[in-house]
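Trainee: Below are the chains, spelled out letter by letter.
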Amino acid sequence: MGRAKSTGTAGALTRTAHLSDVGVSGYTSENPSKTGGHRSVRSTPAAILSREGIAHEAGGRVIPLAKRKIVVLIPAYNEESVIGDVLRQIRLAGYPDIVVVDDGSADETYQKAQQVEGVIALRHFLNRGKGAAMKTGIEAAKLLGADVVVTMDGDGQHDPGDIGRLVSLVDEGYDVVLGTRVMDRATMPSWKIVANKSGNFFTWLLYGLWVTDSQSGFRAFSRRALESIETRTDRYEYDSEVIREISRHRLRFTEVPVAVHYTPYSQGKAARQSLKNGLKTLFRMFLNT
Amino acid sequence: MQIPLVNLALALVSVLFLVNGTVKFFKREERQTLFKLFSSLAIWGSILTFSLFPHVSRSISHYLGFGDNLNTLIFFGFVVVFSALFKLVGSVERLERNVSEIVRREALEKLERMQEREGLPRREDRSPPG
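Top line first, the protein sequences correspond to chains G and H. Residues in the first sequence are numbered from 36 upward in steps of one, following my numbering. Residues in the second sequence are numbered from 24 upward in steps of one, following my numbering.
Hints listed in this document are in silico derivations from the structure and should not be mistaken for laboratory results. Please read all numbers here as calculations on a predicted model, not as lab measurements. Check each hint, because a few of them may be wrong.
[As the list claims (entries may be wrong)] Partial selection, computed: residues in chain H whose CB lies under 10 Å from chain G:
#1 V112
#2 E119
#3 V126
#4 R127
[As the list claims (entries may be wrong)] Calculated cross-link-like contacts (lysine-lysine; reagent style DSS-like; alpha-carbon spacing at most 30 Å):
#5 K59(H) <-> K104(G)
#6 K102(G) <-> K177(G)
#7 K232(G) <-> K102(G)
#8 K311(G) <-> K227(G)
#9 K110(H) <-> K59(H)
#10 K315(G) <-> K227(G)
#11 K133(H) <-> K102(G)
#12 K47(H) <-> K315(G)
#13 K311(G) <-> K133(H)
#14 K59(H) <-> K177(G)
#15 K315(G) <-> K110(H)
#16 K104(G) <-> K133(H)
#17 K232(G) <-> K315(G)
#18 K177(G) <-> K104(G)
#19 K59(H) <-> K315(G)
#20 K59(H) <-> K311(G)
#21 K47(H) <-> K59(H)
[Unchecked claim] A short list of chain H residues far from chain G (calculated; beta carbon distances all over 12 Å):
#22 I26
#23 L28
#24 N30
#25 N43
#26 S74
#27 F89
#28 D91
#29 N92
#30 N94
#31 V102
#32 R120
#33 V122
#34 S123
#35 I125
Just so it is clear, CB atoms sit at the ideal spot from N, CA and C, and this is done for glycine as well.
Take the sequences, apply the hints, and build the full model.
Mentor: Shown next, in the form of C-alpha cells:
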C-alpha cells in the first residue's frame, strides 16, 4: 500500500503522494494477464499535442485547453448547513461552472445552492439516490457542453484544490480519473476502512476490475467517458457501476490520491450509512450484474 | 412427549407473531386488514401446530398421497416462491428506474428552458456529438 506523505496545513490533511505511492501507475482497464502481468497504457492516444499544448479530444473534436469547459457536479441531499461554503470554495478555486443536483432534500439545500452566484441548481422532486442525482447532473453537464466533468461530494470532505490535478490527468488523455482516499487509521475510521475495502473486493468480484477506492465520489470524466458510460442504478451502487463501465468500454483510467477532510458533520453523515444500507447496496450490485 | 429444541424455538416465534398480528389488528393500526389477520393466523398457526405436533404433517402427507415425498414438494415450493420473489424485485427495480427517469426529465426541464431563453436549441433538436 502507499507511502503517501502527508503534510498538515491548518488542521487539514494535504496529500502529496504520487501515483506510485499508492502502488498505482497510469493504466487502462486491460486485463493484466494479457499485458504480461502488468497494466499498461493503451497505445492509441486519446489526447494529441497541438501548438497550444495538449489538446483534448472529445467526439472527434480537438479543443484547445484554454477553451475546454470544465463542469463541477455535486449531488446533494440535506446539505443546507454546508453546501453554500462548498460551492463558494469551488468557485474560489477557479471553477465557475457548477451544477448542483438537489436530490429531493427536506431542508433548504436547493435554495442555498441557488443563492451562490453562477451555480446551476437542479432539483429532484423525489429523493432518488446518489446514482440518480449523478446521472441527472451528467445529463445537465452534457447539455451545457462540458468537455470535462468533475464529481464531488456535497458535504465538504473533498478539497477543491485537488480538482486541477484530476483535470490535468484528463487533459493528458485519461478518460476517467478516480480520486483515491488514503485509507489509514490516522485519517479514516476503522469501520469505514473495512467498509471501503469490502466495497473494493465486491466491485472486483462482480466487475473484474480492481481499484484502490471504488466508493470515492471525487472523480473526473472526459467527454468520451460521459458518452460511453451507461448506468442503471439509482443509489450508492452507482460508484461501483462506473467501475464496471470503465471495464466494459475499456476506458483509460488512472487513480490519484486526494485529500479528505473528515469533519464532525461528514462523520455524522457517514455513520448514518448503516450496515443495513451496505448490505442493500451489495444486494443491488448482485442484482444488476 | 419430547419436543426438540428447534421445534420449541419455532413455536415461540410463531406465538410472538400470532400475538403481534392480533394485537395490531385490534388496536386498529394503519394498514391492518381482516385479510392480513387471517393470513397471519393461518401461516403462523400452521407453523405452531407443526412444530408442537410433528406427526400431524406426516399424517397429512400420507393422507394426501405424498407419503415420504413431502420434502420434495416443500423444496419445489421454495423454488417457486424464490422465482416469484426475484421476478417481483426485478419489476420493482424497473419501476424505480422509470420513476427516476420522470424525476430527471422534470429536473432537466429547468435547464432546457434556461437554454431556450438564451437561444440554444433544445436537447431533442441537437445533433449527436461527434
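Trainee: Indicate, hint by hint, whether the structure satisfies it.
Mentor: Going down the list of hints, with the structure as the test:
no., hint, result
1, V112, "holds (7 Å)"
2, E119, "holds (6 Å)"
3, V126, "holds (5 Å)"
4, R127, "holds (5 Å)"
5, K59(H) <-> K104(G), "violated (58 Å)"
6, K102(G) <-> K177(G), "holds (16 Å)"
7, K232(G) <-> K102(G), "violated (39 Å)"
8, K311(G) <-> K227(G), "holds (14 Å)"
9, K110(H) <-> K59(H), "holds (23 Å)"
10, K315(G) <-> K227(G), "holds (17 Å)"
11, K133(H) <-> K102(G), "holds (26 Å)"
12, K47(H) <-> K315(G), "holds (28 Å)"
13, K311(G) <-> K133(H), "violated (35 Å)"
14, K59(H) <-> K177(G), "violated (49 Å)"
15, K315(G) <-> K110(H), "holds (17 Å)"
16, K104(G) <-> K133(H), "holds (21 Å)"
17, K232(G) <-> K315(G), "holds (17 Å)"
18, K177(G) <-> K104(G), "holds (11 Å)"
19, K59(H) <-> K315(G), "holds (27 Å)"
20, K59(H) <-> K311(G), "holds (27 Å)"
21, K47(H) <-> K59(H), "holds (10 Å)"
22, I26, "holds (34 Å)"
23, L28, "holds (29 Å)"
24, N30, "holds (30 Å)"
25, N43, "holds (21 Å)"
26, S74, "holds (29 Å)"
27, F89, "holds (35 Å)"
28, D91, "holds (36 Å)"
29, N92, "holds (33 Å)"
30, N94, "holds (28 Å)"
31, V102, "holds (19 Å)"
32, R120, "violated (6 Å)"
33, V122, "violated (7 Å)"
34, S123, "violated (4 Å)"
35, I125, "violated (9 Å)"
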